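Here the protein sequences come in this chain order: H and E. Residue numbers for the first sequence, in the numbering used here: 1 to 90. Residue numbers for the second sequence, in the numbering used here: 1 to 368.
Hints are computed from structural coordinates only; laboratory data are not their basis. These numbers come from a predicted model, not from an experiment. Cβ atoms here follow ideal geometry from the backbone N, Cα and C, with glycine treated the same way. Possibly wrong hints are sitting among the right ones.
For the chain E half of the interface with chain H, some residues (derived, Cβ under 8 Å), not all of them [said to hold, decoys possible]:
{"id": "1", "residue": "Ala6"}
{"id": "2", "residue": "Leu8"}
{"id": "3", "residue": "Met53"}
{"id": "4", "residue": "Asn86"}
{"id": "5", "residue": "Gly146"}
{"id": "6", "residue": "Thr150"}
{"id": "7", "residue": "Asp224"}
Here are the chains, one letter per residue:
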Amino acid sequence: MPDPLPERPRLAPGVRLHFDKTREAWVLLGPERVIEAEGPAPEILRRCDGTRTVDQVIDELAALYTADRTEIAGDVTDMLAELVTRRMVV
Amino acid sequence: MTSLPAPLGLLAELTHRCPLGCPYCSNPLTLDDRTDELDAATWARVFGEAAAMGVLQVHLSGGEPASRRDLLEIAAAAHDAGLYTNLITSAVGLDATRLGRLKQAGLDHVQLSMQDVDADSADRIAGYRGAHARKLAFAKSVTDLGLALTINAVIHRANIGRVAAMVETAASLGAGRVEIAHTQYYGWALRNRDALMPTRAQVDRAMQEMEGIRARYHGRLVIDMVVPDYYARRPKPCMGGWARRSLNVTPSGRVLPCHAAESIPGLEFWSVRDHALPEIWCDSPAFRAFRGTDWMQEPCRSCELREIDFGGCRCQAMALVGDPAATDPACELSPHHARIQALAEHDASQPTMVYAYRGRAVADSAAG
Numbered sequence: 001m002p003d004p005l006p007e008r009p010r011l012a013p014g015v016r017l018h019f020d021k022t023r024e025a026w027v028l029l030g031p032e033r034v035i036e037a038e039g040p041a042p043e044i045l046r047r048c049d050g051t052r053t054v055d056q057v058i059d060e061l062a063a064l065y066t067a068d069r070t071e072i073a074g075d076v077t078d079m080l081a082e083l084v085t086r087r088m089v090v
Numbered sequence: 001m002t003s004l005p006a007p008l009g010l011l012a013e014l015t016h017r018c019p020l021g022c023p024y025c026s027n028p029l030t031l032d033d034r035t036d037e038l039d040a041a042t043w044a045r046v047f048g049e050a051a052a053m054g055v056l057q058v059h060l061s062g063g064e065p066a067s068r069r070d071l072l073e074i075a076a077a078a079h080d081a082g083l084y085t086n087l088i089t090s091a092v093g094l095d096a097t098r099l100g101r102l103k104q105a106g107l108d109h110v111q112l113s114m115q116d117v118d119a120d121s122a123d124r125i126a127g128y129r130g131a132h133a134r135k136l137a138f139a140k141s142v143t144d145l146g147l148a149l150t151i152n153a154v155i156h157r158a159n160i161g162r163v164a165a166m167v168e169t170a171a172s173l174g175a176g177r178v179e180i181a182h183t184q185y186y187g188w189a190l191r192n193r194d195a196l197m198p199t200r201a202q203v204d205r206a207m208q209e210m211e212g213i214r215a216r217y218h219g220r221l222v223i224d225m226v227v228p229d230y231y232a233r234r235p236k237p238c239m240g241g242w243a244r245r246s247l248n249v250t251p252s253g254r255v256l257p258c259h260a261a262e263s264i265p266g267l268e269f270w271s272v273r274d275h276a277l278p279e280i281w282c283d284s285p286a287f288r289a290f291r292g293t294d295w296m297q298e299p300c301r302s303c304e305l306r307e308i309d310f311g312g313c314r315c316q317a318m319a320l321v322g323d324p325a326a327t328d329p330a331c332e333l334s335p336h337h338a339r340i341q342a343l344a345e346h347d348a349s350q351p352t353m354v355y356a357y358r359g360r361a362v363a364d365s366a367a368g
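Input sequences plus hints: build the corresponding full structure.
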């Protein structure tokens with residue numbers, strides 16, 4: 001069963017978003033973890049600052065990409081759910 | 001420059017000095033002397049070179065890194081180089097004030113060792129009275145400061161029955177991650193193998209228990225495990241492959257593909273005192289020795305898992321088979337696999353749990 005999403009998601013302590021110049025890619029760094037943040041992931045994670053709600057993150061992403069909100073909502077919640085399970089987002 | 005992939009991690013062994021005497025220590029039998037330790041300026045240069053070549057994370061380790069009076073300066077240099085900075089500590093020699101300064105300098109994460117859940121047993125294993133109580137207090141300081149905490153518990157015959165309690169303790173201390181690391185028999189640990197090795201029944205029970213623990217803490221605690229490979233059927237993909245993902249700098253500056261690599265005779269290691277890190281990574285003989293798959297013998301050479309487990313551990317092949325290019329005998333396809341199982345069963349059946357502690361007579365350690 002997927003874990004419930006936090007109301008105002010933020011990166012867990014010890015987790016940060018970093019631009020890897022060598023590999024020209026955004027990565028999420030955590031304890032013994034390096035996860036590549038592909039596609040819209042950096043834009044989503046940048047907004048996980050503990051002040052925005054999940055809905056606000058979705059609204060901003062939909063505006064940024066001028067994309068269908070339902071589709072964006074699916075992408076955002078799927079990604080956050082996975083990162084919550086892995087304790088990268090709380 | 002070739003298209004060699006860049007390493008992701010650097011283990012910086014700042015010193016071999018350590019107040020604890022854990023019998024499972026995987027550092028070599030002969031330690032680097034304090035007077036040979038790299039100074040903070042050299043570490044700063046190494047961190048800069050590491051970051052520039054693509055290293056993302058640095059692990060400040062030892063020995064006990066807090067034994068270095070200039071730890072703050074070194075940690076700040078790691079952070080300033082842009083590296084994710086992890087401190088691997090026993091807590092002895094660190095207090096909340098010093099930790100607060102490390103946080104201000106940019107420390108990202110703290111990994112704290114824990115020997116057992118019972119203080120008497122933990123202190124006996126560490127060979128240091130009062131260590132456990134200090135660790136509990138220190139863990140609180142870590143989380144009070146809002147720093148991320150991992151608890152690392154090395155598992156062996158004396159504590160294997162309390163794996164669940166270790167995870168519970170870690171959770172109650174506010175850790176976000178736990179490492180349940182079954183002892184790996186290198187360096188000093190190899191010497192204590194007969195006092196550390198659990199029985200197969202104990203290992204099976206502990207592994208089964210872990211399944212329940214994982215389910216219970218799903219989504220709340222990240223649990224990583226280092227498997228007890230003497231009882232395994234397949235070898236661990238040691239280091240994610242030799243000279244493939246990470247490098248290790250010893251206190252005096254020698255650069256190793258792994259922690260125990262100096263146990264392999266005939267390898268030539270280069271030092272950061274003489275060479276830049278990218279040059280060592282690409283060209284030093286020790287790194288080239290077992291990189292890729294060309295060095296492999298059968299059964300590894302034609303094995304479909306050769307780029308999954310990389311033939312296991314070179315140091316273990318050396319220690320147990322006498323040939324660093326042999327298949328790790330932890331693999332059931334190794335012709336020596338029966339021997340590693342026999343060694344495990346023999347050592348596990350020894351009645352004694354008297355440890356040899358570094359620098360102490362065995363009789364002293366028996367008295368606790």
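Of all the hints numbered above, which does this structure not satisfy? Sort the numbers upward.
Going through the list in order, the structure violates no hint and respects every one.
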